[in-house]
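Engineer: Per the numbering used here, the sequence shown starts with residue 1, numbered consecutively.
One should not assume that every hint holds.
What the hints assert, rightly or not - Restricting the straight-line Cα-Cα distance to at most 25 Å, the calculated cross-link-like pairs of lysine-lysine (PhoX-like) are: (1) Lys156 - Lys31; (2) Lys107 - Lys239; (3) Lys156 - Lys137; (4) Lys251 - Lys189; (5) Lys156 - Lys278; (6) Lys278 - Lys209; (7) Lys305 - Lys209; (8) Lys95 - Lys39; (9) Lys108 - Lys189; (10) Lys66 - Lys39; (11) Lys127 - Lys95; (12) Lys189 - Lys324; (13) Lys307 - Lys255; (14) Lys108 - Lys65; (15) Lys156 - Lys181; (16) Lys95 - Lys278; (17) Lys324 - Lys346; (18) Lys255 - Lys209; (19) Lys251 - Lys107.
Said to hold, decoys possible - Using C-beta positions, here's what the derived DEER-type ranges look like: (20) Ile50 - Asp154: 40 to 46 Å; (21) Tyr70 - Lys270: 54 to 60 Å; (22) Asp85 - Lys278: 29 to 35 Å.
It is worth saying that the hints were derived from the structure and are not from the lab. Ideal Cβ placement from N, Cα and C applies to all residues, glycine included.
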Amino acid sequence: MGDRTVGVVVRILPNSEQREGFHRNFGCVRKAYNETLGKYNALYEKDNSIKPTYTFLNKLMKESKKEYLYLDAMESTSLQQAVRDLSSAFDNFLKNPKHNHPKFHRKKENRNSFRQTIPANKKIIDKNELSLRRYGKIRFRTSPEYMELLNSDDIKFNNITIAYDGLNYYAIINITTNNPKQLPLTGDKIGCDINSNRNGWLVTSEGIKEFFNVNHENQMIKHINRLMSKCRKQSRRWKKLQKRLQKYYNKRTNKLKDYIEKLTYNLVKKYDTIVFEKNYSTIKILIGGEQNIIFPLSGFIQRLKNKFKWYKPDAEGVVFVDAKNTSKKCHHCGHIKKELKVKTRKWICPECGMELDRDVNAAINILNRWCLGDSLENTQ
Numbered sequence: 001m002g003d004r005t006v007g008v009v010v011r012i013l014p015n016s017e018q019r020e021g022f023h024r025n026f027g028c029v030r031k032a033y034n035e036t037l038g039k040y041n042a043l044y045e046k047d048n049s050i051k052p053t054y055t056f057l058n059k060l061m062k063e064s065k066k067e068y069l070y071l072d073a074m075e076s077t078s079l080q081q082a083v084r085d086l087s088s089a090f091d092n093f094l095k096n097p098k099h100n101h102p103k104f105h106r107k108k109e110n111r112n113s114f115r116q117t118i119p120a121n122k123k124i125i126d127k128n129e130l131s132l133r134r135y136g137k138i139r140f141r142t143s144p145e146y147m148e149l150l151n152s153d154d155i156k157f158n159n160i161t162i163a164y165d166g167l168n169y170y171a172i173i174n175i176t177t178n179n180p181k182q183l184p185l186t187g188d189k190i191g192c193d194i195n196s197n198r199n200g201w202l203v204t205s206e207g208i209k210e211f212f213n214v215n216h217e218n219q220m221i222k223h224i225n226r227l228m229s230k231c232r233k234q235s236r237r238w239k240k241l242q243k244r245l246q247k248y249y250n251k252r253t254n255k256l257k258d259y260i261e262k263l264t265y266n267l268v269k270k271y272d273t274i275v276f277e278k279n280y281s282t283i284k285i286l287i288g289g290e291q292n293i294i295f296p297l298s299g300f301i302q303r304l305k306n307k308f309k310w311y312k313p314d315a316e317g318v319v320f321v322d323a324k325n326t327s328k329k330c331h332h333c334g335h336i337k338k339e340l341k342v343k344t345r346k347w348i349c350p351e352c353g354m355e356l357d358r359d360v361n362a363a364i365n366i367l368n369r370w371c372l373g374d375s376l377e378n379t380q
């Protein structure tokens, strides 16, 4: 058994009775979370020495179950997981001032979901069916690759989350499995410059520019929102348009996730070292025309690190260098053009006369800085 923990998302097909039970559980989990948070806030106002530990919060949740009997009738581990999430939120708030104080969950703002734990050594998957406590067997759909993985005897099931996005039901199955087959080391390295999507959001030292386009999905979302604004809210046509709107939101999200998965795998397969500028986390890449969405750059970098860990643990992996003057410095002669404007995408070096693409030049300088030993951080 390996130490790789992954979440496998499958689409489930519950019957009407199971769907009704899911929605009751969604509401009960939200109620347990809010009641526990409310009780703790009230106690903290009287005595600020009380610490929000999981054990203490769980006692408050049990008190709520006595007050609201319908909570006691729900599946118990999903309520406990809601309290565990609240405890984690408090831990993050106390450890890092950037995290906000835990807030009450609202139906319109939070995803409908609940999580159940899975007993050790219990197999919940049988071909294309999963067994869920309190709900019985539920059919699901996924790719042949994931179907084979979930039916393998070499995995351990940790927990399962049931979620509803307004259109479909999903199960996120958390498993521990062996690391995949390692990729051979190539010895190749590459520098990457982060840029706006208009000029290629990712530009490499080899001159490759990556673009991501969700213009069609964004235009459809805008069009459907315009149609919904002309309908009476909660009317039959409004509800029909709402489902159609959710469909395009899902398409946009899935297209982005699929793009990131394929791009990160291809980069890790081809290169042993990928060099980025350190200020990547402060850059917001807007993608998709009039109705922009922010590219999850931090998630992309983390996905690269994870795949290096799984497929090439002996490689250098993801490293970072200082990005100062990487765009203004000629990679050929080293001359720095201080008056270079941001809008200028191509420029000629006044020292050596070489014509430079601003972003490709920056990517080459980023790679050169790492080669000279100016690395700030790596994946280890």
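Engineer: A separate judgement is required for each hint: does it hold in the structure or not?
Structural biologist: Comparing the hints with the structure gives:
no.: 1; hint: Lys156 - Lys31; verdict: violated, 31 Å
no.: 2; hint: Lys107 - Lys239; verdict: holds, 17 Å
no.: 3; hint: Lys156 - Lys137; verdict: holds, 19 Å
no.: 4; hint: Lys251 - Lys189; verdict: violated, 33 Å
no.: 5; hint: Lys156 - Lys278; verdict: violated, 37 Å
no.: 6; hint: Lys278 - Lys209; verdict: holds, 19 Å
no.: 7; hint: Lys305 - Lys209; verdict: holds, 21 Å
no.: 8; hint: Lys95 - Lys39; verdict: holds, 22 Å
no.: 9; hint: Lys108 - Lys189; verdict: violated, 46 Å
no.: 10; hint: Lys66 - Lys39; verdict: holds, 14 Å
no.: 11; hint: Lys127 - Lys95; verdict: violated, 43 Å
no.: 12; hint: Lys189 - Lys324; verdict: holds, 21 Å
no.: 13; hint: Lys307 - Lys255; verdict: holds, 19 Å
no.: 14; hint: Lys108 - Lys65; verdict: holds, 24 Å
no.: 15; hint: Lys156 - Lys181; verdict: holds, 18 Å
no.: 16; hint: Lys95 - Lys278; verdict: holds, 24 Å
no.: 17; hint: Lys324 - Lys346; verdict: holds, 18 Å
no.: 18; hint: Lys255 - Lys209; verdict: holds, 19 Å
no.: 19; hint: Lys251 - Lys107; verdict: holds, 23 Å
no.: 20; hint: Ile50 - Asp154: 40 to 46 Å; verdict: holds, 45 Å
no.: 21; hint: Tyr70 - Lys270: 54 to 60 Å; verdict: holds, 55 Å
no.: 22; hint: Asp85 - Lys278: 29 to 35 Å; verdict: holds, 32 Å
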